[in-house]
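Knowing the structure of chain A, use the given hints to seat chain B on it.
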Amino acid sequence: MKKYDIIIILFILLISFFSYLIYQNQVSNNPLRAEIYHYSELVETVPLDQGIDRIFSVKENENVIFHLFINGNICFEESDCPDKLCIKTGKISKPGQFAACLPNGLLLKIVSADYNNRDVDIIVGN
Amino acid sequence: MENYEAYRLTGNMSKTKVMIFTGLLFAIALILSLVESIFPVMPMVVPGVKFGLSNIIVMYAIFFLGAKEAYLIAILKAIFVFFTRGFIASTLSLSGGLLSITCMLLISFLLKQNISIIGVSIIGAVSHNIGQFIVVSIIYVGISLWYYLPVLLVAGIITGLLTATMLKILLPALKRLV
Chain A
322 MKKYDIIIIL FILLISFFSY LIYQNQVSNN PLRAEIYHYS ELVETVPLDQ GIDRIFSVKE
382 NENVIFHLFI NGNICFEESD CPDKLCIKTG KISKPGQFAA CLPNGLLLKI VSADYNNRDV
442 DIIVGN
Chain B
263 MENYEAYRLT GNMSKTKVMI FTGLLFAIAL ILSLVESIFP VMPMVVPGVK FGLSNIIVMY
323 AIFFLGAKEA YLIAILKAIF VFFTRGFIAS TLSLSGGLLS ITCMLLISFL LKQNISIIGV
383 SIIGAVSHNI GQFIVVSIIY VGISLWYYLP VLLVAGIITG LLTATMLKIL LPALKRLV
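Taken in order, these protein sequences are the chains called A and B. Take this note's numbering: the final residue in the first sequence is number 447, and no numbers are missing along the way. Take this note's numbering: the final residue in the second sequence is number 440, and no numbers are missing along the way.
If we strip away everything but chain A, and leave its shape as in the complex, we get (with noise of 0.2 Å):
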């Protein structure tokens, strides 16, 4: 290990945070939107800066509450599923945060709302 070779690994990673705060500061600006995913299908597009508090549910699966919340944050409220992992991921309000109820095969993520919803189909290999 030569002193350059500390420089080099300290560069890249000032390089890498960096590049995570450009794209955090971003995505910030873009409104955001929760989809629900119910067995891999979109059944529900939610967005976030609607400054409202609203408890639904989706009609592919009655016994699962979403609950949305006026700061733009969102969870499962409610799921009859036996581990409750859903309830405990807790709120979620980041693009690329997400929560799943396996059981119900529900799966709640959020995303920038100019993503586009094209589907990425690649092996990256070296």
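Mixed in with the good hints, there may be bad ones.
If you anchor each label on the Cβ, the simulated ranges turn out as follows [said to hold, decoys possible]:
(1) B/M281 / A/S414: 57 to 65 Å
(2) B/L432 / A/G426: 41 to 49 Å
(3) B/K330 / A/P424: 52 to 60 Å
(4) A/P352 / B/V413: 20 to 28 Å
(5) B/F342 / A/G411: 21 to 29 Å
(6) B/A435 / A/N346: 45 to 53 Å
(7) B/K437 / A/G411: 51 to 59 Å
(8) A/Y360 / B/I282: 41 to 49 Å
(9) B/L433 / A/P403: 49 to 57 Å
Here are a few chain B residues that sit away from chain A, every Cβ distance over 12 Å (derived from the structure) [said to hold, decoys possible]:
(10) M275
(11) M281
(12) I290
(13) I293
(14) G418
(15) L429
(16) L432
Simulated from the structure, these hints should not be mistaken for laboratory data. The structure displayed is predicted, hence computed values, not measured ones. Think of the CB as a built atom: it goes at the ideal place given N, C-alpha and C, for glycine as much as any other residue.
Same frame as chain A, but now just chain B:
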């Protein structure tokens, strides 16, 4: 670079011997990438992140054979990937491989004595990822990939450290190949 003169191969090697040795290294690189794909799922696994074990061989070729042979191995490997895994995987392999060799040559030429094999390896791994990143952004226009850049950079540091350590351990064994 540390003094690895004892391991340097060219000079007293005939042209044929260099060619055979390059072929041999290419075969080892293929085996390593095969071994890598067999590995069970690792806890740190993120799509697109691999150890890049074959980078050990490419680095070895750069340091002890020459730039030409290293490029040759990368191109041969891309051709092999083209036949086994198709066009896109091959393009990714080629872009990552060529950029990583170029960056490693450049950094070891610029910093000479001030950088060790670890730094070179990290530069190689990170630039390999960046090369693939660029090509993916070109092929799949419009896909938001920027969130992935920090992941790739940090992963490059880790895999770079790993391959450098493994090359150091493997050097005596590779010397016996000649």
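Quick check: which numbered hints come out false for this structure? Hints 5, 8 and 14 not satisfied by this model.
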